[in-house]
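Same order as they appear, the protein sequences are chains R and P.
In terms of this note's numbering, the first sequence opens at residue 1 and continues consecutively.
In terms of this note's numbering, the second sequence opens at residue 1001 and continues consecutively.
Heads up, some of the hints might be wrong.
Label-pair restraints from in silico Cβ distances [said to hold, decoys possible]: (1) Val-198/R / His-1183/P: 43 to 49 Å; (2) Gly-352/R / Ile-1022/P: 51 to 57 Å; (3) Thr-1265/P / Ser-115/R: 32 to 38 Å; (4) Thr-1265/P / Thr-35/R: 24 to 30 Å; (5) Ile-1022/P / Gly-136/R: 19 to 25 Å; (6) Glu-1268/P / Glu-190/R: 30 to 36 Å.
Honestly, the hints are just simulated from the structure, not real lab data.
Here a beta-carbon is modelled for each residue, glycine too, at the ideal position from N, C-alpha and C.
Residue-level listing of the chains:
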Amino acid sequence: MSGRPQRELLCQGNEAVVEGSLAAGVRFFGGYPITPSTEIAEILSVELPKVGGTFIQMEDEIAGIGSCLGASLSGAKSMTATSGPGFSLMQELIGFGCIAEIPMVIVNVMRYGPSTGLPTSPSQGDVMQARWGTHGDHPIIVLTAASVLEAFHMTVKAFNFSEKYRIPVILLLDEVVGHMREKVLLPADEEVQVVNRVKPEIPPDWYKPYEVTNTGVPPMASFGEGYRYHVTGLVHDEMGFPTQVKSEVTASTDRLFDKITRGFADICITDSYQTDDAELIVVAYGSVARSAREAVDQLREKGHKAGLFQITTLWPFPRTSLENTAKVARMMVVVEMNRGQIYREVWRVSRGRWTVHKVSGTDGEMIAPQMIVDAVKEYGQWR
Amino acid sequence: MALTNRDILHKYLRHNKRFPHIWCPGCGIGIVLGACLRAIYDTGWSKDEVVFSSGIGCTGRAPVYVDFNTLHTAHGRALTFATGIKAANPKLKVVTMMGDGDAVGIGGNHFIHACRRNIDITAVIVNNMIYGMTGGQQSPTTPRGALASTARTGVVEQPFDIAELAVASGASFVARTTSYHVHQMEKLIYRALAHPGFSVVEIITAAPTCFGRRNKYSDAVEMVKEQKAMAIDVKKAEGMGFDERRSRIVTGVLMERDAPEWTRTYAEEVRGESPAGDSGNSPGETTPEETK
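Next comes chain P alone, as it looks inside the complex:
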C-alpha cells in the first residue's frame, strides 16, 4: 500500500532530531528535500543502504533531518566524500544535495570531474542563485545585473548554466526543473536515482530572504510565480538561440544516455571481476534491513 506524503515524511525524517529546521519561510530547500524523500520512497531502497550527503550552506543542512546514513561535509567537498563512499562500497545508494555555490562555486572542479567520471551518485542541486547562509552574496549562478550584498550595483559576471555544464562534463543523466514544478521535480529525482551513472537534477528555487528582498520581490510567491512563467520545456526550447535559452528556465530531461559507470567499469576492467558478478567491494556485510 502506497504511503501518503505525510506518512513518507514521518518515515524518513529523524524522530530524535530537534525541529524546526533552519530554513527561512518561503525557502525552496524544504520543497526539494520533500521531493527527494518521496522519490527515495519510490525506489524501494531501505534507509540503511542510502547515504545522504551534502556540503556547506543552507542546502548543506538537509542531511541532519533525514533518517539515512547522513554526512555533512566541508564546503564544496560533498562529491569528493561521496565518490569515496561509493567507490569503496558500490552497494550503497549515494545521494548528494548541494547548493549552487557549493556545487559549482567552491566545488566546481569536483562537480565537473564527478560528471566526467560518471560514478553512480545522484546530485540534487538546489539553485537559488545566491549565497544564503552568509547573507546574500553573489554566487556563480546569480543572474547578470541582479543585486547581491557583494554586488551592490548588480552582478557584472555571467552565470553558470549548471545543467548544461553537467551535460558538457559528461554526466549521463541531467535534468532541470523549478520549485514550482513539484510533481515534475519528484519524477525527475526518481529517474536520477534510478539511473546507473552520475545524475544531476538542478532545481531553481527561491531564496526570498537573501535574494528576493534585495531584488524587489514582494514575497516568495511572486518568485515562484516567476519560475513558472520563465520555465519552458526542453522540447519547446529546441531551436532557440543561445541568448533566448538563457533568458528562460529550460526544464525537463536535458540528457539521458547509457555510459560506462565508474564502479562497474573499475570492477570489470581493473579488478577483472565478471560483469554478472556482484561488483561490490563491501568491506563489511551490507545487509540492508529496515529497523523502523
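Chain R extracted, bound-state conformation:
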C-alpha cells in the first residue's frame, strides 16, 4: 500500500478506520457484520485483496477474533470490527490475546445497550467492558477518537501499540464518529509512522518466545519462520510451556503488566484546551469531546474559566496527564454517553482535590453543547 499520496476525502469515521488500517499495514480482517461497524468490513473486503491481504467473513464474532489471532501468528497485521453485542462475544479471546501476547486491533463502534439495545443509537457504554470484559487480571490498551481524522490516526496508533507491546488494542468509537462524514486531509503513506513487531534475530535454538527482555516485550516469530514454539492460553514459562510454579506464574503475569506500565508516557494520549487557568474542567472523549469543546467556548464567552480535558487513551487511564492539567481546577464535569464510567475514574484520581460531577447522556442521542453548559450552571458554585 506504499505510495498513496496525501489526499483530501469526504468520509465517514468507519472509512477513516479502513484508511488508517491500510496505512498501518493491515493484511487480514476476520469478522462478522454488525451495525454500526459494518462499513469497515465491507470496504476491507474490497481493499485487502488489492494489497495481497485476506478478508474473511466468519460465522460469528468469536470466530472473527479467533481468525485474527491466528492470522497474526502467521505474521499478518490483523483487525476485526464489531459493536456491543459482538464485542461481548469476543471477550474470552481478548484474554487469550493478552496472555499469549498476540498483536491485533479490535474496533468497537459502540451502540446503545445492553443486549440488542437501541440499534443503532450512539452510546459510550462499553468503556468498562473494554477495560475488564475478559476474565482475569490483565492489562489492556483502549483508544478512542473524537473526529473522522482522529479515527484515522488512532487506528494507526492502535496497530502501532499492538505491534510494539504485543497486545490486543481496542479502538472504541461511538456511532456518531463511526457514521459522521467530515472532510479530512489524510497524510501520504510515507508520512505515516508505522511500527512493526520486533522479530527474533538469534538462532532458533536460542529463542525463548516469552523471555524477559529489557523492554518487557519479547521478540515475536511468525509461524513458519523456523522458530518452532508453543503458544497457549495457560500461564506459561519463558519457553511458552504451561507452568504452575509460583515464581514463574508471578513473573509471567507481572511482565504482562510491566510492559504496559513502562509504556504509560508513550501510550497515554490526551489533549487539553483552555486549561491553563481553568477552574472548571470538562472531561470528555469521543464525539462528546466535540460538544464539550463548544461548551467550553460558550462558557468562556460568558467569562467563566472553563477548559477541556479530552481523553484519547481511555485505558490505561491517563491519570498523570489529568493531574498535571488540573493544577488550578476546583471542579470537574465528566460528560459521557453512559451513566458515569469514566466519571468514576476521574473521581478516583481526584482524591478530594476537585469536586467531580457528571453529565450523562443516556437517551440514545448525542450530547449537545447546551446540555453541558446548562449542567455546569446547575452545579451551582459558578459565578
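Given the coordinates of chain R, assemble chain P onto it according to the supplied hints.
Okay, now just chain P, sitting in the frame of chain R:
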C-alpha cells in the same frame, strides 16, 4: 531410509518439554497422536511448516509435546485460529486436534463452518464420548443411556455422528476409525493431510477413567475390544438402515471428493492471482528448513 516408530517419535516429540504427559493409563489420545506423527512423517513436510493446533480438554494438551509450531487455543476455538493461520499464510500445513466436546460441543458452529468453507486444514477428532478433563460429564457424542457425572441415570439425548455431520456440512474428505485400528488410523490421517481441502478424521477412543469406570467396563482393553467388535467397514455398512448404522462404528473413508479449496479460490477469484502461481500470501519468507 524409513525411520522406525521410535525414531519418528524421537524426531517429533519435544526434547525440551518435561514428560510424562497428562493422559491417563489406557487413554487413546496418545495412540492418535502417535499416528499423527507417523502420518506427518510420511508426508515429508518439514517441522517448520507444520502448525499443530488444538482447543481445550484432554486432547487439547497434545500440541505442547510435539516439535512443530504449536498452538493451544481456547475451548472450541481451535478451528477459528487455524482458519486465520491458513488464510494468512497458505503455505503452512495446519493440523488441528480436538476432542468431541471441543469440536462439536462448544466449537460445533466453527466446525460445520470450517467444513462448509473447505479450507485446507486437517481436523483430527478424538471422540471418546465424554468430557474427560473435567471429570466425566456428558458430551454431545455420549451414547443415549450411557452414564455420566451430569447424567446419573443415563444420557437422555441422542449423540452427534461427527463424521456424518462433517459430510453433510461439506468437508471434502471425511473418514472414521477407532483407536483399535492403529494402522488404518495412520493411513487415514495421512490421506487427510494430503487432501487439498478441509479433511476430518474421527477416531473413536476409550476414556477408561472418565467413561469406562462409570459405565462398568473392567478396563481399557475391554473398551478397545468393543471398538473392534462394533466397527464395520463403510462398504459393508452400505444399505444398512439408519438405526443399524448408528448402532455400529462405520469405519473407512465416508467422503472424498474434489471441491474448491478456500485459500486457492480466494487467491484466484478475489485477488485475481493466476492459478499456476503460488497462492501464498506469506507475510514473511517461509523457507522451511529442518533444524533438527
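Structure versus earlier hints, numbers of those that do not hold, lowest first: none
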